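Just so you know, the protein sequences line up as chains A and C, in that order.
If you count by the numbering used here, then the first sequence holds residues -12 to 249, one letter each, in order.
If you count by the numbering used here, then the second sequence holds residues 3 to 156, one letter each, in order.
These are computed hints drawn from the structure, not numbers from a lab.
Just so you know, not all the hints are guaranteed correct.
Unchecked claim - Okay, derived cross-link-like pairs now, DSS-like style, lysine-lysine, Cα gap no bigger than 27 Å in a straight line:
hint, chain 1, residue 1, chain 2, residue 2
1, C, LYS55, C, LYS71
2, C, LYS90, C, LYS78
3, C, LYS71, C, LYS85
4, C, LYS55, C, LYS96
5, A, LYS69, C, LYS55
6, C, LYS141, C, LYS55
7, A, LYS35, C, LYS7
8, C, LYS61, A, LYS69
9, C, LYS71, C, LYS61
10, A, LYS28, C, LYS7
11, C, LYS141, C, LYS78
12, C, LYS85, C, LYS55
Unchecked claim - Some residues of chain C that are not near chain A, with every Cβ distance over 10 Å (derived):
hint, residue
13, PRO56
14, VAL83
15, LYS85
16, TYR103
17, LEU139
Remember, it's a predicted structure, so these values are computed and weren't measured experimentally.
Positions of the beta carbon are idealized from the N, C-alpha and C atoms, including for glycine.
Below are the chains, spelled out letter by letter.
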Amino acid sequence: MKSLISFFEKIGYSITSRIKRLGTATRLFFLILISSGESFKRFHLTMKEIYFTGVMSLVIIIVSAFFVGMVLGLQGYYTLQKYGSSEAIGVLVALALVRELGPVVTALLFAGRAGTAITAEIGLMKATEQLSAMEMMAVNPVGRIIAPRFWAGVIAMPILASIFSMVGILGGYVVAVIVIGVDEGAFWSQMQANVDFRYDIVNGVIKSLVFGVACTTIALFEGFDAPPTAEGVSRATTRTVVTSSLVILGLDFILTSFMLGG
Amino acid sequence: MDKIKLDAWVGIFVAIGVISLLGLAMKVGNLTSNDIRETYSVIAHFENIGGLKPRAPIKAAGVVVGRVKSIFFDTKAYHAVVKIDIDKRYIFPKDTFANIYTAGLLGEQYVGLEAGGDMSNLAEGDRITQTQDAVVLEKLISQFLYSKASEEEE
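Work out the full structure: start from the sequences and follow the hints.
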């Protein structure tokens, strides 16, 4: 009987603790929005974070985009060639990148490259009681430390995603046109005829904006919520990657179904 | 010094982002083919161009010799006017035949040129008089069905 009750207790605890964490994360999100005035008034704070999250992620984004584009070109060519429509390779590469792979892969790489860094930094700041010291000096740590990182992530993500899409298309171009020898005019003209600015490109940018908000919020919350020990920070960093990846993929499906349906 | 460097990097980052977004928006639209530099343009009238698009290739004996420059609709004669850019290296007689073909069953459409026997050659601004329209699959099927039906009536 006692073991049965403790079994249900365990289930109940895991559910309530999750809901509690979700509530804390939501409160942190609104707290960031309220206290984000300083990150625009003193824009160099945000600028520094854009440098760390955006500029430093540029190399991994460009290199992986180029390889993703090249693989898309190669795989697409071998399948399309069977149906004698290898000219459609441009459309395939462009639509796949602009609609899905650009925003999603960028967000996944961003979570791994920048999200973990944010979590570890803030977790360590909390462990070494830097955040408490700030509060003692009547400096709001959310406005001074957390909000600039949030806005930097939100600004950097769409820029990174559009760079990813463009570099990926160039990668596909290199493989399809220069290496394989698909007609260049058909490659671009079919692409131009089938990619719509409003429905494909703008929707891709909206997606990456949403991913930017989700990714950075998760990373900041995990850092802020981490137990102030070495083990706690390491676990929080792991959780950032896992949660961000799942949320990105889940949100992607929801956003796509809204965008295609609406 | 350090702050200026940081600002510069962020500026470069944002600039690259804007450039790639513009590139995506324009889809590198003004990219001209490397093979074809100097061209002369001729026009051709078609009753129906099917799915022909600007920048579609012009082929003679399967070799790409030019590109479709623009397509518009003539409201006086009610047919399509296709402007064609042909590479200056390739010279065609005046009675060249222009057809709209499809690459494969579902592929893109292109203009095929077949040289005639005229002594004088096509020049800038000339018109190709002998053309053949794109094959519209629906028309072909309905023609086939009508001929079948009339056969059965007999």
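These are the hints, each one checked on the structure:
Of the pairs offered as hints, the one joining LYS55/C and LYS71/C holds, with about 9 Å between alpha carbons and a cut-off of 27 Å not exceeded. Simply put, LYS90/C and LYS78/C have alpha-carbon atoms about 31 Å apart, too far for the 27 Å limit, and the pair is violated. A C-alpha spacing of about 5 Å is found between LYS71/C and LYS85/C, which places the hinted pair at or below 27 Å, so the restraint holds. This hinted pair checks out: LYS55/C and LYS96/C have alpha carbons roughly 24 Å apart, not beyond 27 Å.
At most 27 Å may separate the alpha-carbon atoms for a hinted pair to count; LYS69/A and LYS55/C meet this at roughly 23 Å. A hinted pair counts as satisfied when its Cα atoms are at most 27 Å apart, and LYS141/C with LYS55/C qualifies at roughly 20 Å. Under the criterion of a C-alpha separation no larger than 27 Å, the hint pairing LYS35/A with LYS7/C is consistent with the structure, at around 11 Å. Between LYS61/C and LYS69/A the alpha-carbon distance is near 22 Å, which keeps this suggested pair within the 27 Å criterion.
Taken as a hint, the LYS71/C and LYS61/C pair is honoured in the structure, with Cα atoms around 14 Å apart against an allowance of 27 Å. The suggested pairing of LYS28/A with LYS7/C holds, with an alpha-carbon distance near 21 Å, which does not exceed 27 Å. At roughly 25 Å between alpha-carbon atoms, LYS141/C and LYS78/C fall within 27 Å of each other, so this suggested pair holds. Between LYS85/C and LYS55/C the CA atoms are separated by roughly 11 Å; this keeps the pair inside 27 Å, and the hint holds.
For PRO56/C, the non-interface assignment is contradicted: its Cβ lies about 7 Å from the closest Cβ of chain A, within the 10 Å cut-off. The Cβ of VAL83/C lies farther than 10 Å from every Cβ of chain A, with a closest approach of about 19 Å, so its non-interface assignment holds. Residue-level check passed: LYS85/C sits 15 Å from the nearest beta carbon of chain A, beyond 10 Å. Annotated as non-interface, TYR103/C keeps its C-beta farther than 10 Å from every C-beta of chain A; the closest such distance is 13 Å.
Listed as a non-interface residue, LEU139/C keeps its Cβ farther than 10 Å from every Cβ of chain A; the least gap is roughly 15 Å.
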